[in-house]
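Peer 1: Modelling step: build the complete structure from the supplied sequences, incorporating the hints.
With UniProt numbering applied, the sequence shown corresponds to residues 1 to 193, in that order.
Quick caveat, the hints were computed from the structure, so don't treat them as lab data. It cannot be assumed that every hint is accurate.
[Said to hold, decoys possible] With a cut-off of at most 27 Å between alpha-carbon atoms, the simulated BS3-like pairs for lysine-lysine come out as follows:
#1 K183 - K80
#2 K138 - K80
#3 K183 - K138
#4 K138 - K158
#5 K158 - K183
#6 K158 - K80
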Amino acid sequence: MSHGSRPAPRGFQRKYLFFWLVGTVSAVLVSFAGTQGLYAGGNETSNDVPPPVPQPLTSTSSKPSQGQQVTIEAPRELTKVNGRQGVLVQGHAGDLHDSVLRLFVLAYNGQYYLIDNGPVIAPNREWRFLLKPIGDGKRDIGRVFTVFVATVDSDCRKLLDRSHRDRTGNISFTQLPPGCTAKAKVNVLKTSW
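Peer 2: This is the structure in structure tokens:
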């Protein structure tokens, strides 16, 4: 009997089977991850993908009370929205004294975007604003956006008036500016574009 025709010991076969399985599974995972990157990112580079963002905040939407002068009545918490069509945000406002209402969206990239085109008017203590568009096209489908209604004092109003738009036309901040006080918030889930 020649040496080449003798079967290999059992432990030898198991060892190579183990390495074959590990190699195959690794190759499949790397291939899958690369494919997902192509579909998720389109033609963007990895530098264009924003960092992960904090978990969504819980809603403070409620009926007006003595301690809360501003509310968000609609949309409901985690309403599914089409980013292109947007969503109607509405609520109530009590006595604002010298403040005005402004709307911000906390996006998944950690930035607070000023989304109105000036103070939100509240005739008869009711306000509404069509938030449209939401997000960055198809790129952020599946992300949660937090809509804030804030009271803005005169100092913050001046700061907002002096703020410049970025190259995409947005005014954004890493946190709400001093003098802008969040009064109510609601999370919406972008499910399509």
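Peer 1: All hints, please: hold or fail.
Peer 2: Checked hints:
no.: 1; hint: K183 - K80; result: 22 Å, holds
no.: 2; hint: K138 - K80; result: 15 Å, holds
no.: 3; hint: K183 - K138; result: 30 Å, violated
no.: 4; hint: K138 - K158; result: 34 Å, violated
no.: 5; hint: K158 - K183; result: 20 Å, holds
no.: 6; hint: K158 - K80; result: 34 Å, violated
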